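*Asks:* Given next are the chains, with one letter for each unit.
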Amino acid sequence: MNLAFEPEEETLQSAAAALLERLCPVSDVRKSVLDNQVDSAPAIWRAGVDQGWLAVGLPEDVGGLGLGAFAEAILFRELGRFVTPGPFLSTVIAAHLAIEVAQPELAESILSGAAPIGYIVGGFGLDVETDGLALQFTPSGATLVRVPECKQIEAIDATTKLSEVSTGDVVVESQSPELLPRARLLVAAQLTGITEAVRDMSGTYATQRIQFGKPIGTFQAVKHRCANMAVAAYACNAQLLFTARLIDAEDQAADFNAACALNLGIRSANQSTRDNIQNHGAIGFTLEHDAHLYLRRALVLERWFAPDASLRDAILSPRRVFSGAGAESPSR
Amino acid sequence: MSDETPTALDDFRAAARTWLRENAPRTVRPSEGPEVREYDCAWQQRQFEGGWAGIDWPREFGGLGLDYLRQIVWYEEVVRSGAPTFSSLLVALNNIGPTLMMYGTEAQKKRHLNQILRGEQVWCQGFSEPEAGSDLAGLKARAVVDGTDLVITGQKIWTSFAQFADFSEVLVRTNDEGRHRGLTVVIVDMTSPGIDVRPLRQLDGTPEFCEVFFDNVRVPLENVIGERDNGWAVARATLSVERGPANLDMRLASLGYADELVTMCDEIGIEDDGLLARLADVRADAAAVRAMAYLQAASACPGSAPGPETTAVRTFHVLLEQRVAQIALDLLGHEALATSRWSLHWLRQFMSTIGGGTTDIQRNIIAEQVMGIPR
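The listed protein sequences correspond, in order, to chains A and B.
Whatever position you read off the first sequence (first residue = 1), add 2 for the working numbering.
Whatever position you read off the second sequence (first residue = 1), add 68 for the working numbering.
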C-alpha cells in the first residue's frame, strides 16, 4: 500500500496542470461565466482528450493508458482544482461501463472524445446534448441512455450546462458493482482539488491582504479557518489516494473506502469553499472573484449522486471495518 | 520495497495477526498503581521477545530496521487484536526513542534505546510548567553548570507517567541570552536525590499525570541531548514526532471504536438520521486517519524530524476522538449519568485537544509553518 507517486503519475499531474493553466485557467473560467460564454464542449475538451485524459484508467487494448484508478484520481483532482468545465467524469465512467459490459468498440469510440457523454441525476441533465448519450446510475448499477431532447436552464453552477431532460432508450446497462465506487472516487478527487485550491487561495490572501497594518492571516480567526482547510485537504488526499490503490488492487475494502472518500470530500469542500469566501470579505462575494466558482462546483459535486441513503449505508453497513479477525465483511 | 515479493507485506501482516492472537494480554490493563507499570513493561517485553518491538527502529538500536509501512501494519493488527493501545511506555517508545536517535550521543543511545524496546525503562517528558504551557519557551526551570554537572531547580507539571518513570527528558533554561536560545534538553535519572513526584487527578479520575519538583537535582553534563543552549531544536523534534507519526496505534483505535459504535447502533436499533449521519462522518474520518498514516509513510524521511504538515494528522484525530466519545455518550442516553467505560472515556477525551499541544496552537503551527501565513 504505497501512496508515493510513480514517475508517470507525477508526469500526468504536472502535464495536466500545465495544460489547464495554459488553455483553461480559472480566470478564463471566471470570465466565461461573467460573459455567459460557457458551453459544454469547450476547447479544453479536445485538448484534454488529445492528452489522453479519458484514457488514463482504461485498458490499453481499447486505447487506454492502463494507469489505473490512482492516475485517474490524480487527474480528476486537477480538474477540480481548475474548476474545469466539460463532462469528463461521466464520459470516463461511461467508458468503464462499456468495458464492464464487454463492448470494447463502444469503449474505444467513447475514448475518441467525438461524442461527450453527459450525466443525468435528480431529473436534470448535466452537460447533455440532444440525441447524445448520458450516464445514469440506477439502484442496481448504471446505464447509458439516449437523450431525445433537452432544454437548457439557468444553473447555480454556470460552468456545468444544466438541462431539463427527457430520457429515451437505454442503450447499455451494467450491473457491475465496480462503477459506483470508481465514480465516487473521482467525484471525491475533484472535491479534493477544490479543497486544495481554496486552501491555497485563502492562504495567499491571508498573507497579502493588509488590514490594521498587518496581514489578516495574523488574526487567529482567519488563520484558523485556513489551517482547518489544510487539515481537511490533507485528510481528503490521504483517503483519496488510499482508496485509489484499493480499487486498483480490487480489494474488498474498496467500496467502503470510496464511500468514506466521498463523504470527506463533500464535507471538506463544503466547509472550505464557504470559509474561503468568508476569508476574502466582500470581494469574495463578487462574480469578479474566483471564490464563487468553487462554491458552485462543490454544490454540483455534492449532488452528483441521487439523494438516497446509499452513501451512508456504504459507510455504516460493514459491521467491522477494523476490529476482530476477518474484518471488512459486511453484516447486512 | 520494489524488490520484495508482492505478498511480503501480506505475509508480515498474517504473521503479526497470528502472533497477536496468541500473545496479546488476556487481562484488562489496570488504571492506577504500580500494577500499571508492571503490566505495560510485561507486554512490551513480550513483544520484544516475540520479535515485534521497534519495527521501524534501526537494527543498531535493537529494532527490526524495517520500513514505516510495516510499523503501520503492526499497529493495525494490534488494534484488531484488542491488545492495549495505551501504555506508560508510550513516551519512551514514541517520543524519547526517536529523539535520541536524532540527537543522542552514542553513549546515550547505547544506554537507553535497547532497554526502551525491551520494556525495561519507563520515561516521562518534563516540558510543561505551571506558567509555561502553550508558551513553552517561557519555562522557568533552571539548570546551572557546576563542575561536570548540571544542577536543576524548578517545577514541571502535566508530566504523564512521572510516578513510574526511570528517566525524564527535561527542558530547562541554561542561559538567559534569548527566548528560544538558552534552553537545554537533559536526561534526568528519576531516582536522583531532590526529585519529588506528586500525581494529579485527571477529569476522569485517573492519576496519570503529575507535578514534578526538582530541588538542586544533580545531572552529569554528558546527559545533555544535543547541544547545550540549543535544546529548543531537540524539544521541537520531540514534539513533532509526537504530533506526527507517533501514537499511531492510539489513532487507529478510533476505527475500532467506530466499529463498536456501529454495533451499538445496530443493537439498539437507532433510526435517528442525525445520529447516523454523525456516525458515518466519524467512521469516514477514522478511515482517513489510517490513510494518513500510509501517506506519511510515503513521504517519510527516516532519521529526520517529520515535517509540520504531519501536525495535521494529530489535529484531525484529536477532534475525531472527541466526536467518537460524544456519539457513545449520546447512545447511552440516561445511562450516561453513571460512571461506566464510555462515560469515563468521554471525560478523558477532553484532554485530546489540550495535551501535547492544544488544537489552537496546532492550527497556528499549520497555518504558519505549512501554509506560510505570517505570525
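Check each hint, because a few of them may be wrong.
[Claimed, not checked] In silico SDA-like links for lysine to any residue, alpha-carbon gap of 20 Å or less:
(1) B/K208 x B/G130
(2) B/K177 x B/R296
(3) A/K216 x B/E290
(4) B/K178 x B/V219
(5) A/K216 x B/N432
(6) A/K153 x A/Q39
(7) A/K153 x A/S178
(8) A/K216 x B/G294
(9) B/K208 x B/K178
(10) A/K33 x A/L164
(11) B/K208 x B/L132
(12) A/K216 x B/I433
(13) B/K208 x B/V219
(14) B/K177 x B/G294
(15) A/K33 x A/D292
(16) A/K216 x B/Q437
(17) B/K177 x B/H248
(18) B/K178 x B/L289
(19) A/K216 x B/H248
(20) B/K208 x B/K177
(21) A/K216 x B/K177
Hints listed in this document are in silico derivations from the structure and should not be mistaken for laboratory results.
Since we're looking at a predicted model, the values are computed, not measured.
*Asks:* Run every hint past the structure and note whether it holds.
*Replies:* So, going through the hints one by one against the coordinates:
1. Of the supplied pair hints, the one linking B/K208 and B/G130 is violated, its CA atoms being roughly 36 Å apart against a limit of 20 Å.
2. Taken as a hint, the B/K177 and B/R296 pair is honoured in the structure, with Cα atoms around 18 Å apart against an allowance of 20 Å.
3. Of the supplied pair hints, the one linking A/K216 and B/E290 is violated, its CA atoms being roughly 45 Å apart against a limit of 20 Å.
4. For the given pair, B/K178 sits about 24 Å from B/V219 by alpha-carbon distance, which is inconsistent with the 20 Å threshold.
5. A hinted pair counts as satisfied when its Cα atoms are at most 20 Å apart, and A/K216 with B/N432 qualifies at roughly 16 Å.
6. Our distance criterion of 20 Å between C-alpha atoms is met by A/K153 and A/Q39, whose separation comes to about 17 Å.
7. Our distance criterion of 20 Å between C-alpha atoms is broken by A/K153 and A/S178, whose separation comes to about 31 Å.
8. For a cut-off of 20 Å, the pair hint linking A/K216 to B/G294 is broken: about 37 Å separates their Cα positions.
9. Between B/K208 and B/K178 the alpha-carbon distance is near 31 Å, which puts this suggested pair outside the 20 Å criterion.
10. A C-alpha spacing of about 19 Å is found between A/K33 and A/L164, which places the hinted pair at or below 20 Å, so the restraint holds.
11. Simply put, B/K208 and B/L132 have alpha-carbon atoms about 40 Å apart, too far for the 20 Å limit, and the pair is violated.
12. Distance check on the hinted pair: A/K216 and B/I433 sit about 18 Å apart at the alpha-carbon level, within 20 Å; holds.
13. Between the alpha carbons of B/K208 and B/V219 the distance comes to roughly 14 Å, so the proposed pair stays at or under 20 Å and holds.
14. Among the hinted pairs, B/K177 with B/G294 is consistent with the structure: their alpha-carbon atoms are about 12 Å apart, no more than 20 Å.
15. At most 20 Å may separate the alpha-carbon atoms for a hinted pair to count; A/K33 and A/D292 meet this at roughly 9 Å.
16. Distance check on the hinted pair: A/K216 and B/Q437 sit about 18 Å apart at the alpha-carbon level, within 20 Å; holds.
17. For a cut-off of 20 Å, the pair hint linking B/K177 to B/H248 is broken: about 25 Å separates their Cα positions.
18. Taking the CA atoms of B/K178 and B/L289, the gap is about 17 Å. The hint holds against a cut of 20 Å.
19. Note on A/K216 and B/H248: the hinted pairing is violated, with a Cα-Cα distance of about 24 Å set against a maximum of 20 Å.
20. Taking the CA atoms of B/K208 and B/K177, the gap is near 28 Å; set against the 20 Å cutoff, the hint is violated.
21. Taken as a hint, the A/K216 and B/K177 pair is broken in the structure, with Cα atoms around 46 Å apart against an allowance of 20 Å.
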